[in-house]
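Enquirer: Given chain W, put chain Y in place with the hints provided.
These protein sequences, in sequence, are chains W and Y.
For the first sequence, position 110 (counting from the first letter as 1) is numbered 110 according to my numbering, and the numbering increases by one without interruption.
For the second sequence, position 238 (counting from the first letter as 1) is numbered 238 according to my numbering, and the numbering increases by one without interruption.
Hints in this document: simulated from the structure, not taken from any laboratory.
Idealized CB from N, CA, C, for every residue including glycine.
A few of these clues could be false.
Said to hold, decoys possible - With a straight-line cut-off of 30 angstroms between C-alpha atoms, the simulated BS3-like cross-links for lysine-lysine are:
no.: 1; chain 1: Y; residue 1: Lys62; chain 2: Y; residue 2: Lys209
no.: 2; chain 1: Y; residue 1: Lys374; chain 2: Y; residue 2: Lys14
no.: 3; chain 1: Y; residue 1: Lys14; chain 2: W; residue 2: Lys135
no.: 4; chain 1: W; residue 1: Lys135; chain 2: Y; residue 2: Lys288
no.: 5; chain 1: Y; residue 1: Lys234; chain 2: Y; residue 2: Lys62
no.: 6; chain 1: Y; residue 1: Lys209; chain 2: Y; residue 2: Lys234
Said to hold, decoys possible - Derived contacts from chain Y toward chain W, CB cut-off under 7 angstroms, selection only:
no.: 7; residue: Arg9
no.: 8; residue: Cys10
no.: 9; residue: Leu297
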Amino acid sequence: MLEARNIAKSYASAEGPAPVLRDVSLTLEQGEFLAIVGRSGSGKSTLLNILSTLLAPDAGQVLYAGRDVTRLPEAELAALRRRDFAVVFQMHHLLPYLTALENVLLPFMTGLAPAPRDAVERARRCLDRVGLGGKHHRLPGRLSGGEQQRVAIARALVKEAAILFADEPTGSLDPATGREIVGLLQDLNADGLSVVMVTHDLGYASCARRVLRMENGAPACAA
Amino acid sequence: MNLLTIPLRCARRKWPRFVLLTLVFALGATSMVALWHVSRVVGDSLERKLTAFGANILVSPKAETLAVSYGGVSLGNLLYEVRHLDEAATVSAIRSIPLSANVAAVAPKLVGTAALGAEQVPVVGVRFDQEQTIKKYWRIKGLFPTRENEVVLGSALAARLGLDFGSAFRLGDEEVTVAGVLSPTGGDDDTVVLADLTLAQRLFRLPGKVNFVEVSALCAGCPIEDIVAQIGGKLPGLEVKALRSVVEGRMASVHFVQHLTLAVALVILVSACAVVGFSMLSAVNERKAEIGLLRSLGYSRAGVFAIFCSEAVLLGAAAGAIGALAGWGVGREVVRLLDAAGEVLPAFSPLEALAVCLGMALVAALAAAYPAAKAARIDPSAALVSL
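Next up, chain W with everything else stripped away, as it sits in the complex:
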């Protein structure tokens, strides 16, 4: 479904280019739950950003449905993000001036494609699914950290994407709430959604079907 081939990425630094990823290759099968673990600076978040097309690699390819998505023009890239890929971030990034329901509806407000007729109904169902049934019209400021992350997951779910990328989704949550969020991701995966989750917590990573451990910008081993 998704394949990364020989991905390399460097960031500029005072001492010259600092390599973050070196020759990383991986595959994600349909319906798989892949956890990418590693210490801070191991390159796991950079890898996730490249896989989700938010960042372009210096070298290598990311193939989705047989197409190299690293070379797509801007419009096609936006369409791919709108249609097939969904991303959940550590800092849930909800728009503070939109209600939970409006935040979930954001993927339908791009102006590039007409929103489905049942968009609002779908958004409500997604919020119900993540356990926020009675809080549709609350502003993010009136939700707890865990609830905000659930809204972000509902926002990822609403467009019925093929792959959910989660970058440290438990990073800003307490352990109990973190477990709930990972449990939710497991449930979604059980329903057929492919999930790629970056975490530095091996406990959460153990919930995935496959774990990729990153060390110094390259996979150390796969479990």
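Expert: Using the frame of chain W, we list chain Y on its own:
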């Protein structure tokens, strides 16, 4: 729910910032609209006042001239076949042109000489009410004539003949009284007898006839060529010419006022634009994560650009609406305080208000274009990681 939902909600939830920015921008719009109203009214008023310093269109018969020279010595031009205009028909034709509202005065004249005692003196027949409209600089010792057999003397002529107001004398076949003596003007009026036109027509045995007609036209609203063309159209066969130096001198004053206000308005507008631009730039920096998120959700660069531009358009339209209304009110008060326009005060026009709204929305969008373009160029991963 669509792309506009985001700027609308943002404006609603962040209303103090939106209101403050709108007020700043509205201040600019108000100043511009008020200055525009004031300049328009003051310009018109100024031109009306300048009308007192002379006519700017001359209507006369087409005169035939013959250049006379002998032995290589020029003896000047010989005017022959002198024709006269019919006063009533000419004045009525001028008053009936489509741009008649721009005609401030129509002053017919009949010029000739008449015997005053042993000598011939130049006599100019005028309609005093019209003449005073275009020669408000006249100062008189005594009064302007109220009766047909009363005349006004030029200062130099009165001094030469030893006459003063109240003097009576015989002019041609008519007994006349001096109603007043003009103060020196430095022009032709100093050496003539100014008589009522009807009296002059009787003196010269040319009832209802005049030599030429001076017209004072207001040119703020239309070019003088239009008025000249319309008079020419009504009076074919006559010579109608614009006295360009008078027009240009008069319009230079009017245009100076208008250009000055335009310059001030532009400075205000540019300042308001700078405030909006800087504010949008700071909003873009504050909302980097939001932009990164939108891009990660599949919003195109154009979509992000549109969101920030829409915010500015919303702000500009609101400021334009306030500015159109407040500017009209302020302009009205300023005109009233300056007593610049007499009874004429700026009128509120819904069409003009709409134009101000649209104009300000466009200007705000232009001011926000750079910040919005900057927002559209933000790399989504960098924006999300940076926070």
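Enquirer: Take the hints in turn and mark each one as holding or not.
Expert: The hints, checked one at a time:
Only pairs whose Cα atoms come within 30 angstroms are accepted, and Lys62/Y paired with Lys209/Y is accepted, the gap being roughly 15 angstroms. Distance hint between Lys374/Y and Lys14/Y is fulfilled; the C-alpha atoms sit about 21 angstroms from each other, no more than 30 angstroms. Between Lys14/Y and Lys135/W, the direct Cα distance comes to roughly 22 angstroms. Compliance with the 30 angstroms bound is thereby established for this hinted pair. Proximity of Lys135/W to Lys288/Y is assessed by CA-CA distance (about 27 angstroms); at most 30 angstroms being required, the pair is judged to hold.
Proximity of Lys234/Y to Lys62/Y is assessed by CA-CA distance (about 15 angstroms); at most 30 angstroms being required, the pair is judged to hold. Restraint check for Lys209/Y and Lys234/Y: satisfied, since their Cα atoms lie roughly 18 angstroms apart, inside the 30 angstroms limit. Below 7 angstroms, beta-carbon pairs count as interface contacts, and Arg9/Y has one with chain W at about 5 angstroms; its hint therefore holds. Of the supplied interface hints, the one on Cys10/Y holds, with its beta-carbon coming within about 5 angstroms of a beta-carbon of chain W, less than 7 angstroms.
Here the hint on Leu297/Y is kept, as its CB sits about 5 angstroms from the closest CB of chain W, short of 7 angstroms.
This entry satisfies every hint, going by the numbered hints stated previously.
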